Amino acid sequence: MPYLKWFIATLIVAQLMACTTVKPWERDVLARRSMSLEKNPMFLSMDDHVYFSKEAAAGGRTFDGGGCGCN
Amino acid sequence: MLLRTFFLTFVLIMTHTAVADPSAELASYKGRVVYLDFWASWCGPCKLSFPFMQSLVDEYPASEFAVVTVNLDRRKALADKFLKDIGGRSLPVIMDPQGEWAEKFAVQDMPYSVLIDKRGNVRFEHAGFHESETSKYRAHIEQLLAEKE
Amino acid sequence: MQLKDNKGMMEAVVLLTANLLNSTAVLAQDINSAKIYDVEDDVNFYDEAAPSEDVLSVDVAVVNYEEKGRVKAVEPMVAVKYVNSEGTAFTAKYTYDTLTGATPNGAAPSARLQNFIVSSVPAGSTVTSTSASGRTITRTINGNDIVAYETQPGELPLAYGFKDERHSLDLGFSTDILENTRIALGTTISRETDYSTNGVRASVIQSLNNELTTLSLGVSLESNTSKPENGIPAAFSRMDGSQGAFESLDKDVTSVNVGLTQVMSRDWLLSVNYNYGNVSGYQSDPYRIVSLLHSWEGFEWTGYPMEYLFENRPEERVRHSVYLGNKIAFDSYVLDISGRYYTDDWGIDSQTLEASLHIPVWKSIYIEPLARIYHQSAADFFTYYLPASEELPEYASADSRLDSFDAVTLGLRTGMAVTDQLEAYMMAEYYHQQKSGEKGVLPGISASYDPYAGTDAAVAMIGLRYTF
Numbered sequence: 000m001p002y003l004k005w006f007i008a009t010l011i012v013a014q015l016m017a018c019t020t021v022k023p024w025e026r027d028v029l030a031r032r033s034m035s036l037e038k039n040p041m042f043l044s045m046d047d048h049v050y051f052s053k054e055a056a057a058g059g060r061t062f063d064g065g066g067c068g069c070n
Numbered sequence: 000m001l002l003r004t005f006f007l008t009f010v011l012i013m014t015h016t017a018v019a020d021p022s023a024e025l026a027s028y029k030g031r032v033v034y035l036d037f038w039a040s041w042c043g044p045c046k047l048s049f050p051f052m053q054s055l056v057d058e059y060p061a062s063e064f065a066v067v068t069v070n071l072d073r074r075k076a077l078a079d080k081f082l083k084d085i086g087g088r089s090l091p092v093i094m095d096p097q098g099e100w101a102e103k104f105a106v107q108d109m110p111y112s113v114l115i116d117k118r119g120n121v122r123f124e125h126a127g128f129h130e131s132e133t134s135k136y137r138a139h140i141e142q143l144l145a146e147k148e
Numbered sequence: 000m001q002l003k004d005n006k007g008m009m010e011a012v013v014l015l016t017a018n019l020l021n022s023t024a025v026l027a028q029d030i031n032s033a034k035i036y037d038v039e040d041d042v043n044f045y046d047e048a049a050p051s052e053d054v055l056s057v058d059v060a061v062v063n064y065e066e067k068g069r070v071k072a073v074e075p076m077v078a079v080k081y082v083n084s085e086g087t088a089f090t091a092k093y094t095y096d097t098l099t100g101a102t103p104n105g106a107a108p109s110a111r112l113q114n115f116i117v118s119s120v121p122a123g124s125t126v127t128s129t130s131a132s133g134r135t136i137t138r139t140i141n142g143n144d145i146v147a148y149e150t151q152p153g154e155l156p157l158a159y160g161f162k163d164e165r166h167s168l169d170l171g172f173s174t175d176i177l178e179n180t181r182i183a184l185g186t187t188i189s190r191e192t193d194y195s196t197n198g199v200r201a202s203v204i205q206s207l208n209n210e211l212t213t214l215s216l217g218v219s220l221e222s223n224t225s226k227p228e229n230g231i232p233a234a235f236s237r238m239d240g241s242q243g244a245f246e247s248l249d250k251d252v253t254s255v256n257v258g259l260t261q262v263m264s265r266d267w268l269l270s271v272n273y274n275y276g277n278v279s280g281y282q283s284d285p286y287r288i289v290s291l292l293h294s295w296e297g298f299e300w301t302g303y304p305m306e307y308l309f310e311n312r313p314e315e316r317v318r319h320s321v322y323l324g325n326k327i328a329f330d331s332y333v334l335d336i337s338g339r340y341y342t343d344d345w346g347i348d349s350q351t352l353e354a355s356l357h358i359p360v361w362k363s364i365y366i367e368p369l370a371r372i373y374h375q376s377a378a379d380f381f382t383y384y385l386p387a388s389e390e391l392p393e394y395a396s397a398d399s400r401l402d403s404f405d406a407v408t409l410g411l412r413t414g415m416a417v418t419d420q421l422e423a424y425m426m427a428e429y430y431h432q433q434k435s436g437e438k439g440v441l442p443g444i445s446a447s448y449d450p451y452a453g454t455d456a457a458v459a460m461i462g463l464r465y466t467f
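Protein chains in written order, with numbering that gives the first Met the number 0: chain S, 0 to 70; chain P, 0 to 148; chain E, 0 to 467.
FYI, nobody ran anything at the bench for these hints, they're computed from the structure.
All values reported here derive from a predicted model rather than from experimental measurement.
Hints are not guaranteed to be accurate.
Claimed, not checked - Here are the simulated EDC-like cross-link-like pairs (lysine to aspartate or glutamate), alpha carbons at most 20 Å apart as the crow flies:
#1 Lys71(E) with Asp249(E)
#2 Lys250(E) with Glu314(E)
#3 Lys92(E) with Glu25(S)
#4 Lys53(S) with Glu85(E)
#5 Lys80(E) with Glu37(S)
#6 Lys135(P) with Asp96(E)
#7 Lys250(E) with Asp330(E)
#8 Lys250(E) with Asp344(E)
#9 Lys80(P) with Glu154(E)
#10 Lys83(P) with Asp344(E)
#11 Lys362(E) with Asp53(E)
#12 Lys162(E) with Glu149(E)
#13 Lys22(S) with Glu146(P)
#14 Lys53(S) with Asp53(E)
#15 Lys53(S) with Asp41(E)
#16 Lys434(E) with Asp348(E)
#17 Lys53(S) with Glu191(E)
#18 Lys71(E) with Glu25(S)
#19 Lys135(P) with Glu178(E)
#20 Lys46(P) with Asp116(P)
#21 Lys53(S) with Glu149(E)
#22 Lys250(E) with Glu299(E)
#23 Lys226(E) with Asp96(E)
#24 Lys226(E) with Glu178(E)
#25 Lys103(P) with Asp116(P)
#26 Lys53(S) with Glu164(E)
#27 Lys147(P) with Asp84(P)
#28 Lys53(S) with Asp175(E)
#29 Lys22(S) with Glu178(E)
#30 Lys80(E) with Glu65(E)
#31 Lys53(S) with Glu178(E)
#32 Lys92(E) with Asp47(S)
#33 Lys53(S) with Glu47(E)
#34 Lys438(E) with Glu164(E)
#35 Lys103(P) with Glu37(S)
Said to hold, decoys possible - Residues from chain S that keep clear of chain P, each with C-beta distances beyond 10 Å, as calculated:
#36 Ala30
#37 Glu37
#38 Met41
#39 Arg60
#40 Asn70
Built from N, CA and C at the ideal position, the CB exists for glycine as well.
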């Protein structure tokens, strides 16, 4: 599937081009618990464990970024 | 007195600005060193900066030094809860939900504090709040306090 | 927007008035007294920011995992996280797993009774057998005691009475080394009766663009040792209960991770992740077999198992995966939508799509329904059986993890702030798995049996988090 790689790359570039500038004081929504990439790490590690034991695929998300951007 | 209020309100409505020019606001603080601090309820380090700012008010004479805080929450209930949780004595708070003060002072980080000298000029800016740097913040304040008007 | 402008103006008026009246201390409480400006008083716990500095939290949780008629696992865990006032973080997590039940042994179903020999021990030594399940028998043949189990005709062969325990500890540390640069280090240690893992990881996280962009680069190294009680069998050796050719064998895993998180707008967070993995060493399952079936056409015995041979997987595996995730807020609702593409040189390609919606309820609760769809293609060397009429292939495995299948997960997560410091959470998920593509067909008289070994599973978790 050679086109798939290009499709994914285009998707990523298109998404990145859509970003707007958010001021440091406008990060109230991103700081919310509900918008955290690590809202509940126990749930995430449990899912990883279950899927790893049943499926061949591996690899997933990062946890860094977003949030309030303070300090 | 009432007439002045009326006139200014009229001007405000006509010019569609939520808060008038901050430099005009701070004019009443001329002759004193001002520690202008930008904070929000969702900013973790802000919780630690408040006790520090209260200690500054205790330390330096009110005739020479003042702390003014600017809140950038969009939901007032969150700001109220934050202030209630940190307790202690209250510091002056200017509500700036639209971020106009933040824009004018080019806030780069949260929290952000700006030191204004006795003449009303911005002299120092501190991005974020670090407990390990409080001696540096104090040094900046004392440098400005030592200056004449 | 209209409402906000008016609010701002009124506040400004109050501010100005106060100044004109020569009061320099404009207290929040003064503006508070004009309470008519409050649109809402109560804010949902999950709309607030979690404390990020100077915080100590402890999590206690337990997971219950069940496959119908197969594996059951209970997994309690404890996790501690401490972040100091400068943002340096320490984490520790201990997990204990108990697994019981039955798991497919890799053999294909057959029209006749099948007998699988686990171990053969010299006469005179004692062997404990699990008799309650009715599947494990002990008998003496030719002076040797043999531990074996049976599978009825037409059934998928399952190895019963297996019980395993696993202890796992993970430690993590992260700190800022420069104003916008962070490093994270970690180690994982895991011990089972027949398997152990030791791993280390390190990553660098760089913040750019006024913390709107976060780039991370991480490496992890993992060393695994497989040491079954009866030894590790040689590839394609017969399952006759004899001691394995090797006492233990190792497997090393090296992975590299590149991640990018970008703040797209005030309400939208995007994550992109690329993961590269290289696995080297013993990767077969030392307990899993493949049925060698009589496959010459037209005989009475066509389709009958002639031998059971231990599987053989390649010693090298290279894998790549790309992940794209979004978190988008709409009022207090958050939509999480993500996709992942995976491929490796064993011939497996997989696509995953997952979506969840965070729904706030009253002041302290959220519910989050989620759905996930997954597809994977089979490994090149995956097979349901080995035909005796053909030469043995280089590699072969009948492990359902390497089969082609589709899976759908439906779940519900929920969290509740019992107090400002105590959070309770629960999650329940159902995982449905089914064969994708052409069904496997066994030769001869076994042709009527479905060799697919995948199965559904139900998972539930309940936990508590206390933040000091």
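* Sort out which numbered hints this structure fails and list those numbers smallest first. => 1, 3, 4, 6, 7, 9, 10, 11, 13, 14, 15, 18, 20, 21, 22, 24, 27, 28, 30, 31, 33, 34, 35, 36, 40
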